[in-house]
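Produce the entire structure from the sequences given, and follow the hints as far as they go.
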Amino acid sequence: MTLRIRGKALPDTSLVMAIVNRTPDSFYDKGATYGLAEALDRVDQVVAEGAHVVDIGGVKAAPGEEVPAEEEARRVVELVAAVRDRHPDVVLSVDTFRASVARAALEAGADLLNDAWEMPEPETLEVVAEFGAGLVCTHAGHLPPRTRPHRVAYPDVVADVVSTLTAMADKAVAAGVPREGVLIDPGHDFGKNSRQSLLLTDRTADLVATGWPVLMALSRKDFVGEVLDLLPDDRLEGTLAATAVCAFQGARVFRAHDVTATLRVLRTVDAIRGRVPPVVNVRGLA
Amino acid sequence: MTRVVFVPSAPLLLLDAGPPELRAALASALARLPGEVVVVGAAPVPGWWTGSVDLTPYGVRGTPATDPLPLALAVGAHLVPGARLWGVPSGPLPESPSYLVVADGTAKRTLKAPGHLDERADAFDAEVVAALAAGDPHRLGSLDAELAGELWVEGLPAWQAAAGLPGPWRGEVLYADAPYGVGYAVAIWQRD
Chain A
558 MTLRIRGKAL PDTSLVMAIV NRTPDSFYDK GATYGLAEAL DRVDQVVAEG
608 AHVVDIGGVK AAPGEEVPAE EEARRVVELV AAVRDRHPDV VLSVDTFRAS
658 VARAALEAGA DLLNDAWEMP EPETLEVVAE FGAGLVCTHA GHLPPRTRPH
708 RVAYPDVVAD VVSTLTAMAD KAVAAGVPRE GVLIDPGHDF GKNSRQSLLL
758 TDRTADLVAT GWPVLMALSR KDFVGEVLDL LPDDRLEGTL AATAVCAFQG
808 ARVFRAHDVT ATLRVLRTVD AIRGRVPPVV NVRGLA
Chain B
73 MTRVVFVPSA PLLLLDAGPP ELRAALASAL ARLPGEVVVV GAAPVPGWWT
123 GSVDLTPYGV RGTPATDPLP LALAVGAHLV PGARLWGVPS GPLPESPSYL
173 VVADGTAKRT LKAPGHLDER ADAFDAEVVA ALAAGDPHRL GSLDAELAGE
223 LWVEGLPAWQ AAAGLPGPWR GEVLYADAPY GVGYAVAIWQ RD
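Top line first, the protein sequences correspond to chains A and B. To convert, count from 1 in the first sequence and add 557; that's the numbering used here. To convert, count from 1 in the second sequence and add 72; that's the numbering used here.
One should not assume that every hint holds.
Said to hold, decoys possible - Pairwise CB distance ranges (calculated):
(1) A:724 - B:139: 33 to 41 Å
(2) B:119 - A:605: 53 to 61 Å
(3) A:828 - B:93: 35 to 43 Å
(4) A:558 - B:140: 50 to 58 Å
(5) A:737 - B:106: 20 to 28 Å
(6) B:184 - A:733: 55 to 63 Å
(7) A:794 - B:119: 25 to 33 Å
(8) B:244 - A:605: 41 to 49 Å
(9) A:821 - B:117: 43 to 51 Å
(10) A:828 - B:244: 35 to 43 Å
Said to hold, decoys possible - Taking lysine to any residue pairs in the SDA-like style, the calculated list, with each CA pair at most 25 Å apart, reads:
(11) A:728 - A:763
(12) B:184 - A:834
(13) B:184 - A:763
What the hints assert, rightly or not - Far from chain B by the CB rule (all over 12 Å, computed), these chain A residues:
(14) 561
(15) 601
(16) 688
(17) 768
(18) 794
(19) 834
(20) 836
(21) 839
Just so you know, these hints were derived from the structure itself, not from any lab. Every residue, glycine too, gets a C-beta built ideally from N, C-alpha and C.
Below, the structure is given as structure tokens:
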């Protein structure tokens, strides 16, 4: 199915959503793009590398310093407006769980709302529908925003994710969000231990079978770190392995820190699956 | 006016691949073929062929054809859709205002060539190109068949068939190179 986010059609290949954090404290970049100039440089770079979507966030996911809505909006809107001006065609996503920040960002030209916390503020849905924007519906284990999983248990985590996300997606469309702009995200690590995230990775096909395009946010997360006993700086290979497994099963969008590496993995998987042809056709064909 | 166009027999042409210079030469040569064309190419059975261009044997996804054409005729059918297809070696070619001869040279031109480097390959392909440039059917028909086999030349039957077309011809070579170690030539013969 062709993804169309606020009027912008995306190619029918596996896609990369590049992470740009306007935060002083996110787990991997640790404030490297907190400043506006640094954040804009990062956006320029990921767009040049070929990212299809740029995802801007103003609050780190994990518990930490409280960021008031006004401060979050200030961080996000300033960057959204600047990026919209410089890159009018890129799909611009905002990572927030607050309806007020979503509204401000969509007014400033964002195309997609990436609510990673299962939409704790229900009025967010009306805001997204009002702007005809896209929406990522994410499973966060039914936890409040910015909480860590503690002894989380599900009778069947895959079934919980599938039923939660299909209900959220149906509800979004019923509320007026354009169907071609709705994605689902199982929310690796969010309300999940590593085994649960690994199981969801293995069972990507079950999510794909819902018919909703699947977004996977895997990049350098703890479930990769626990598999390998490695810190975020050393989680690239594990992330790319998980990326390949999910893409092979049909997940469409990958939220990533490492754009070029992820694009190369996805291009290779897409070629293996026959979704794209090789760029060069010479070997054995001359 | 009768015309004969010579093109390579590479599978990559079925994928519309190849270097830009080759693509440009092909486009230019094919544009000069009149409407009615007989493709001449090596085939396991001589004479008229009908069938489908089947890319699945080369790994392209799809349903295999029940009537796949041999490579040279498939390349011809792909380049000139609707052309009639004639498999060689055979007796004399059927009458036609124009022919597309699908044939290429050695596959041993460079160290990275499919058949690795054979130092005799350059001279063999140069002789082919000289015969095409001169529009000389006798010269084209006099290539060394045994050497051609050793150099992995697949185009010999088609060239020998073209050599049976009575001249004299004005020859013009639009492209002659071995970008992937296989001798490719695009050329035109014409007579009034």
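Cβ distance range 43 to 51 Å for residue 821 of chain A and residue 117 of chain B, holds or violated: holds (46 Å)
35 to 43 Å as the expected CB spacing between residue 244 of chain B and residue 828 of chain A, which holds or is violated: Given about 39 Å between the Cβ atoms, the range holds.
41 to 49 Å as the expected CB spacing between residue 605 of chain A and residue 244 of chain B, which holds or is violated: Once the Cβ atoms are compared, 45 Å apart, the range 41 to 49 Å for residue 605 of chain A and residue 244 of chain B holds.
Distance restraint hint 25 to 33 Å, applied to the beta-carbon atoms of residue 794 of chain A and residue 119 of chain B: violated (58 Å)
Whether residue 561 of chain A stays farther than 12 Å from all C-beta atoms of chain B, as the label says: holds (26 Å)
Non-interface claim for residue 768 of chain A, where every Cβ of chain B lies beyond 12 Å: Nearest chain B Cβ is 23 Å from residue 768 of chain A, so the label holds.
Assertion that residue 601 of chain A lies farther than 12 Å from chain B (Cβ): holds (31 Å)
Given as non-interface: residue 836 of chain A, which should sit over 12 Å from chain B by C-beta: violated (10 Å)
Pairwise beta carbon distance, residue 558 of chain A to residue 140 of chain B, judged against the given window 50 to 58 Å: Because 33 Å falls outside the window, the suggested range is violated.
Reported absence of residue 834 of chain A from the contact zone with chain B (all CB gaps over 12 Å): Non-interface label fails for residue 834 of chain A: nearest chain B Cβ at 8 Å, not farther than 12 Å.
Cβ distance range 35 to 43 Å for residue 828 of chain A and residue 93 of chain B, holds or violated: violated (26 Å)
Separation of residue 794 of chain A from chain B, once the least beta-carbon distance is taken, above 12 Å: holds (28 Å)
Violated hints, in rising order: 1, 3, 4, 5, 7, 13, 19, 20, 21; the structure is consistent with all others.
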